[in-house]
Amino acid sequence: MYLQHLHLRNFRNYHDQIVQFQAPKTIIVGDNAQGKSNLLEAIELLATLKSHRVSRDRDLIRHGIPDAQVAATVAHRYGTNDLDITLRDRGRRTIRRNHEALRRQLDALGSLNAVQFSCVDLELVRGAPDCRRRWLDSLVVQLEPVYAHILQQYTHVLRQRNALLRQSKRESASVPPAAIALWDAQLATTGSRVTRRRARVLQRLAPLAQHWHQQISGQPETLTLHYAPNVPWQEDEPQQVQAAFLTHIHQQQRAEQQRGTTVVGPHRDDIDLLINDSPARLYASQGQQRTLVLALKLAELHLIESVVGEPPLLLLDDVLAELDLQRQNHLLTAIQDRFQTVITTTHLATFEAGWLAASQQLRVAAGAIAPLL
Amino acid sequence: MAAAIVNARHQVGLCQTCFHLSAEPVCSICSDRTRDPHTLCVVADSRDVIALEKTREYRGRYHVLGGVISPMDGIGPDQLSIQPLIRRASKADITEIILAISPSVEGETTTLYISQLVKPFVKVTQIAFGLPMGGDLEYADEVTLARALEGRRELL
Ligand SMILES: [Zn+2]
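Residue numbers (the numbering used here), protein chains in the order written: chain E, -16 to 356; chain S, 128 to 283.
Chain S on its own, in the form it takes in the complex:
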């Protein structure tokens, strides 16, 4: 099931590594050798990548989940690119995973789920949101996002 969805995504133009929108099999961020390959920033949606890129504060790589866990919408962990994230995270060269998922109920639940899975083998931090309640990354201004990146804290 999960594999089927992930495969379907490939056909509609997603990066095979990070699942960001991309015309090529590997997106421009993943193929940029100047970017830090040891840090992964996990976001819900490609729009969040675009918002974070605008700040020009982040020089690591991304991982796009393709949504957040929401049983009401029939979205469980298997419908998101969480397994591929675990595979990436379990490789020795990743040293930090930054979870940058909106602090909605679903976002927080997704953050909780992922952090439980990857904590055993990598340092996990959470972006410090100073965002409007239930706010989306999309709507946060760049200064807020840059500050949030700076002020991220380790998840215990």
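Isolated chain E (complex conformation):
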């Protein structure tokens, strides 16, 4: 897929900005806080309906304006799609595809696929488990859009169940068995959907990550992605996984009552990243960690391509300069011209020459984008 055209109105610090993408690689140069990341955020919003930076729509709207719009034209193998999102200071957003409002916003997912790579991802190896969960979840959503709904439901059940546990802790009374059983069942139903899908996607991602890791490191190291669910289960079968949840909940009953919160479920999952069976978190050097994250990103790109049937976009937010020339080269070879890439950076000096050749170069300053001269 190819993002041809992007139109931002009152989005973040942009007033009314059109960007035409004219080459497989677009490099956007600018100082900090001029709007580089905001542009990638707009693409992220179209691809995932979310921003990893903020959760409220009003934070995406230019200050003092009631609404903002992000519109895009995306060329697919089978034709062109227009997609636009109107964000409102007050009220729900509207999403239209080919100028027709979508009744279910989640139906917009899949119109544009993108893999992001930013400094946040460099934390994937050493960071807390929640960065790895967030990373995996956003990949699953791209592959299986209904997962966005599944995850929403799970989060909702979790909040309700926590409210119940918190309330009984506050009142120093145990939760009535009938009331908690109801939410146990919902946690098992929705939680098992989350964990099964996470496991399935990781299983498909693992061999790709291993392949790319070997390519980039140039060494016979083996990268293993090991899913570490909070509720372990064996057979990928709904009833069995749900039963595993209920057993686990039963075992943790006292702990949950004491702490007044849910300690069982996929909100406590982790993904172990192992190199030659040792946790990368403990043993990998900074260079090795970058190699690992790069391998994960390349694996994501190729997995999305094989599932969706078209190469997704790659968004490199201020991260390319963080990679040494050798890793930049590996990335370049791996994506070629097949994956449309949008790159932001503060300076071009540290870029490998291959990145600059035949790329479209733009400059952003104070929310205005113009060709780099």
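Treat the hints with caution; some may be incorrect.
[To be verified] For the chain S half of the interface with chain E, some residues (derived, Cβ under 7 angstroms), not all of them:
id : residue
1  : 198
2  : 199
3  : 232
4  : 236
5  : 240
By construction, these hints were calculated from the structure, which means they are not laboratory data.
Ideal Cβ placement from N, Cα and C applies to all residues, glycine included.
Chain E is fixed; fit chain S with the ligand onto it per the hints.
Okay, now just chain S with the ligand, sitting in the frame of chain E:
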């Protein structure tokens, strides 16, 4: 507690039988003798009764819960008119209970709770929602609702 809330509701204009909005102690639906007294349609809110009535497809009676179970909002089963529903359902003349509660997380949890309670003595069906995810009955068009009523399935 439950009784206190139910009593309070009476004062603000709810039917004593089904808890639908009503100026009279018994609403016009409950007092309509032409309507099938053996079927109860359970909804969360009076607005859902109004939406279903517009379809003119349903000729039974209603039971309005006054909300859905939501611990975050401090609403448990006792804050809803579930006990009165059990009392109505346990009477021999009710043959079917149709649960028509929005398929939100809270709605589904409420459906689950009620069906567990009334299944022992009455046939329970669930309206077949072809509604937008997390959608409300209110916003469903009449054709969708009528079709949903027709396609209801028994809860096992
Ligand atoms: Zn009535």
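The hints, checked one at a time:
no., hint, result
1, 198, "holds (4 angstroms)"
2, 199, "holds (4 angstroms)"
3, 232, "holds (4 angstroms)"
4, 236, "holds (6 angstroms)"
5, 240, "holds (5 angstroms)"
Hint check: no violations occur; every hint is consistent with the structure.
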